[in-house]
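2 protein chains.
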Amino acid sequence: MTRYSARLKILLIMTLTVLFSCKQESTAKTEYHADGDLSQEHPKLILTAKGVKAIRARLGSIPIFDRSLEKVKAEVDSEIEKGIDVPIPKDYSGGYTHVTHKRNWFTLQKAGLLYQILDDEKYAKYVKDMLMAYEALYKTLPLHPKTRSYARGKLFWQCLNDANWLVYVSQAYDCIYDYLTQEEREKLETNLFRPFADHISVDSPQFYQRVHNHSTWGNAAVGMIGLVMNDEALIDRALYGIKDLELDANKKDDDGGFLNANGKAGFLANIEEPFSPDGYYNEGPYYQRYAMYPFLIFATGLHNVKPELKIFEYKEGVLLKSINALLNLSDAEGEFFPLNDGQKGMSYYNGALVTAVDVSFHYGDQDPGLLSIAKQQDRVLLDDSGLAVALGIKEGNEKPFAKTSINLSDGSDGKQGGVGILRQDDLELVFKYASQGSSHGHYDKLSFSFYENGEEVIQDYGLVRYVNIEQKGGGNYLKENTTWAKQTIAHNTLIQNERSHFNAKYDIGSQFHSDLNYFSFDPKDIQVVSAAESNAYPGTEMLRTMALIKDEALEKPYVLDIMKVTSDKADQYDLPYYYFGQILQTNFEYKTKEVLKPLGTKNGYQHLYLEATAKARDDNSKFSWFNNNKFYTLTTSTSHKDELLFARIGANDPDFNLRRDPALILRRNDTKNTCFVSVIEAHGRYSPVSESAENSKSSIAELQVIFDNEAYTAVAITTISGTTKIFITSNNNASVDAIHDLSINGSSYSWTGPYYFK
Amino acid sequence: MTRYSARLKILLIMTLTVLFSCKQESTAKTEYHADGDLSQEHPKLILTAKGVKAIRARLGSIPIFDRSLEKVKAEVDSEIEKGIDVPIPKDYSGGYTHVTHKRNWFTLQKAGLLYQILDDEKYAKYVKDMLMAYEALYKTLPLHPKTRSYARGKLFWQCLNDANWLVYVSQAYDCIYDYLTQEEREKLETNLFRPFADHISVDSPQFYQRVHNHSTWGNAAVGMIGLVMNDEALIDRALYGIKDLELDANKKDDDGGFLNANGKAGFLANIEEPFSPDGYYNEGPYYQRYAMYPFLIFATGLHNVKPELKIFEYKEGVLLKSINALLNLSDAEGEFFPLNDGQKGMSYYNGALVTAVDVSFHYGDQDPGLLSIAKQQDRVLLDDSGLAVALGIKEGNEKPFAKTSINLSDGSDGKQGGVGILRQDDLELVFKYASQGSSHGHYDKLSFSFYENGEEVIQDYGLVRYVNIEQKGGGNYLKENTTWAKQTIAHNTLIQNERSHFNAKYDIGSQFHSDLNYFSFDPKDIQVVSAAESNAYPGTEMLRTMALIKDEALEKPYVLDIMKVTSDKADQYDLPYYYFGQILQTNFEYKTKEVLKPLGTKNGYQHLYLEATAKARDDNSKFSWFNNNKFYTLTTSTSHKDELLFARIGANDPDFNLRRDPALILRRNDTKNTCFVSVIEAHGRYSPVSESAENSKSSIAELQVIFDNEAYTAVAITTISGTTKIFITSNNNASVDAIHDLSINGSSYSWTGPYYFK
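Chains H and S, in that order, give the protein sequences. Residue numbering for the first sequence is 6 to 763, as defined by the working numbering. Residue numbering for the second sequence is 6 to 763, as defined by the working numbering.
No lab work stands behind these hints, which were simulated from the structure alone. Some clues are possibly wrong.
Derived list of chain H stretches under chain S, where covered just means 3 residues or more per stretch with a C-beta under 8 angstroms from a C-beta of chain S [to be verified]:
1) 339–353
2) 526–538
3) 580–589
Built from N, CA and C at the ideal position, the CB exists for glycine as well.
Using the sequences and the hints, build the whole thing.
If you want it as structure tokens, here you go:
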């Protein structure tokens, strides 16, 4: 801490020096605004006059910044070479006019930065000329000719893209503001920016007046141009929504989401609602990554121009917390866990995360861990925050970004369940007990996925969509996203009577959420999270406790999975494990099918082929598999009445949209109250070069449920070395200071807190 | 060239200097042998007295050698710490006594090297003590108690492992030869080494007297101990086999190979037979890698002790050529193409390839490309060759090992077909038109596989075996290796009437081979190989011409695949393409099956599920897929009578031994003479981070067979940019100087050589 304080002091002195000289410089060079306030001097929004000064002074000596600048310069120079193209809007996404206007917004924003940083009028003139071309075009434009959107734009087929445009172009305008004459500015503001902002807000309230990622873009667009133009009315509209406007609470948008269920609107409401106090975004990391840019870029503008708003402290600093949450929602390779509709492979190398990391570092507490991520990203923003990161890296301040176990609450009040991530060594377990997750949510209460060193061991299927691959349904969501990916059977959680949670009804699922029982990350060797779900199947209570335990008797930590079911009637239960790879061995006999038939007819079951069936053993059923040259074993406590089904995805898939991935499904028939208890081990390795297999066998000799009532579930785990450990979880009185005494088979166990393990 | 000559001179001068000083030193230190010949001074076999001197002088200044030495020292020190363990033989592979004796042979060999290099008696004493323990044990041993082998050893259950032991232990004995007294040597030689050599040779002729990789180990073992002991009788037996011994030519070994079909035996015959003049090993690269060590290590010993034999020049230098061939039989990541029974993932990082690369560099022509592979391997042998490599790397002499297109003939005379590898940019096509490949061969005449940057695009399935993974059939070949992997339908080649080539009969297949039509690698942009097969289906002639063509109209080179069939009757033909990944698009309509049934009942067809069927189009049928974030398209010339079958491996697989990989099968019914013509394109890329798809569509507009008779097949390839190119292949007069004139649809084409392309 002392070291940081010292550094902070130096930084402060440097900053003041820069500020002072900057002020002097600007007095000489740029015109003063009415209030003489430094925060009103252009550029002021994202890149600031102060930042420009600091960057120019260091150019050529800040490697990662210099490289980023060089790349951007090459891109923009090549665009300038090609000349200005502002076509009359005509196409959907992917079409010529769409792609051109989209490229223009990026180029304008970058050219603005280059003008400021390189002090080269070429760039300012390019921005000015293109803006004037837009001014000439925009005032002639009716609604976009394509009619598919619930809120049509003018440059693009949907307001969302118009808003994207304005978020970027506001920054370009800010950068050349002082380069333009008063007259030029008035022309642009009167004919382009104000009507543009009005179209996506007051003229399109169904788009603007919501809590939704679309509206966030709308709010940011209106607010940012408002900040540049110093227009308090627009800023106000951005922050609080359109005044005195009320919309029908029951209408839905194209995706099936409610248009405005609770009447809330504006940027602050958009921060308020989807983020939990821990920074978890209710749609999950894939959509958080998409939504992040307008949140952070407008917040940065507000911070710079309206510091009195203390936007980064809003809701106890939730915006910066959300970046930390998002980074923690990635695996060892930086790829986001594909919760809800999430495309696999999306990672913190995405451009939105460059913004997130730079902004978080600069406007947050200069976490040296963020520098290591920035270094991996190998680029920075060309603004104040990018400079700060580049300097931090140059000075060698980075430290590894340490991801540890974390519990992220869901819901604006943090009381709508959450997501727990357990981490030990190279293993990561993601346990989801959140709310529905808006229209992109899946029916996957108490589901989990499991990773080893960034590789999927037990997968979450993700979405059924080939984003931007036109050959697959135009790159849109495919019908199997609904019939398969969202259904409960597509997840590693419990299915009752082959029906999905909430019968896969969004209106019902949206009303409920799971509830945390407890989480405990101390001592480090025993990471536990436990949560209950009471509404997915009315009359049935599910309580799942998952632990990642490091035990010296095993080579790697193992997963203990306890799924306790309390029901008012006898039902059939399926518990799938979507493993990857090759089956090595089982301790039970199975019989493969010569002909493969779908496992069911609906609720996702129609997409699974049944490959083999087995009767479970009366003690433990063991299943070993082999993937990516590593070994895994599932040991599960079963009775001979249980079945084991080997299934494979891909039935009723007329367009081959699904991957042919396998699953092992544990089936328990005609059961009222029951408890599924399993251990998942990652063990050993294989080298195809030396052809040696190490530790290829399970180290678990026996797994036994030794006690189970409404208050406690106790499991005995015996390793092949002969040691037995007892894990007792508190099912309903799990506070840290609760005192427990329990007698099992004549032995008594006493402990304080949510669980016992010894 | 000049530069090399200069370097060679310097090397020569250095070597002479070392030689001279070495000689002086040794006069003072070691006893002289009767003939006073330097090549008889110990160590002389692999590490030489001269090498020891050179190594000692440079220790600490040759990084890769020093690191390798440090690792070996740590291993051996830890073994010395544990003490000597020479148990009474009892177990099969994997069992305690087997594993212990195996570890001992490695440790002895390494300890011998350490004694010489570090001049530390501790290691000599350890070797001596252990050898004495073996002497005490061996003279008491009957045959190994396990009876499974056709040739039982004494230390191990099979002679092969006894031979392994002696190959390594000869080296250890050589290293401590001068450390021992005359008496000690006599004791070891009389009670251990001579009876040991006799047991694996004269006492086990069914093992020793063959052309087979087992015998190669046997010959090397006998020869190496003979070289150390200066025993001309043993050396003779090693080189030429057991004198005046004849074996039954019809007997078979455990693997179904003939014991001694042609009466040949001995090390020289073992070089003569399996290697083609180009250095291709008839079992393919996976088994070549296994067989390589005894070939090279005994050859090195012969080179050092009997330089007059000029062993590295034997059969026009085939041993060193074979190393070059083997390295060229690997993909961009150094993994060997899994021809015949080959386990995927085996690569030039295997220890046998460290020997191969070091020996080839030192005893060959110091190819700087080998240094770059040695650098990737990151270890060298602790001997003369390893020193040479370490010095080469230290001096920065390495250059990339450039793999280009290569045609490797098969057969001891180079006239039994071959393997052609076409390379352009990141693409590699492997075309197999070889002989049966001994008992590990597959029935896959004219099959191919296709790689992009080391990733499989069109795969060769490889073997069905989980080597050394005990849970899968003890790590042995699984029955699906015969019922699936060896069958023709498991390969990317033509199947007639759902029967495998030669009816999958080894005795028949072994009699035949395919024949080269031509190969042409100049100009570089058009790489072509063409071969015929007349015996796989009696009465049917198959001629496949495969080209990898770089055309400026396409982003990447493309594959042109022409399979011409001439038959004396109407038959059904299947031509499978074992692609990987997700189906994106077809230009024909297909219908998926709700229930999956096996495609057939035998010859491998019983292992394929039929997933979908389609009628082909009357012009071109197109099939696009997506794998590893890259796009691929197959365009094939079809008629509406053709069928397209979508299949997946995995039917009738009761133990889940097979991978669930997909295939597209082109089926042509009731056809006599016909021609299958296809283009395979690799194109574009996808980023899941930026979610952008580039060049995701085929660039081929049309593919047309415009002429086909017994002399010529001509194909017109039209790209979407509108240009048409004509490829004409000569089917029966393909010599480089043949002059051709052909008129097609009124246009005349004239060319010299095997093909026309314009």
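Each hint tested on the structure:
1. Remark: the segment 339–353 of chain H is confirmed as covered by chain S, as 5 of its residues place a Cβ nearer than 8 angstroms to a Cβ of that chain, reaching the required three.
2. Check result for the segment 526–538 of chain H against chain S: violated, 0 residues qualifying (beta carbon to beta carbon below 8 angstroms, three or more required).
3. With 3 residues having a Cβ less than 8 angstroms from any Cβ of chain S, the segment 580–589 of chain H passes the three-residue criterion, so the hint holds.
The structure fails to meet hint 2 from the earlier list, while all remaining hints are met.
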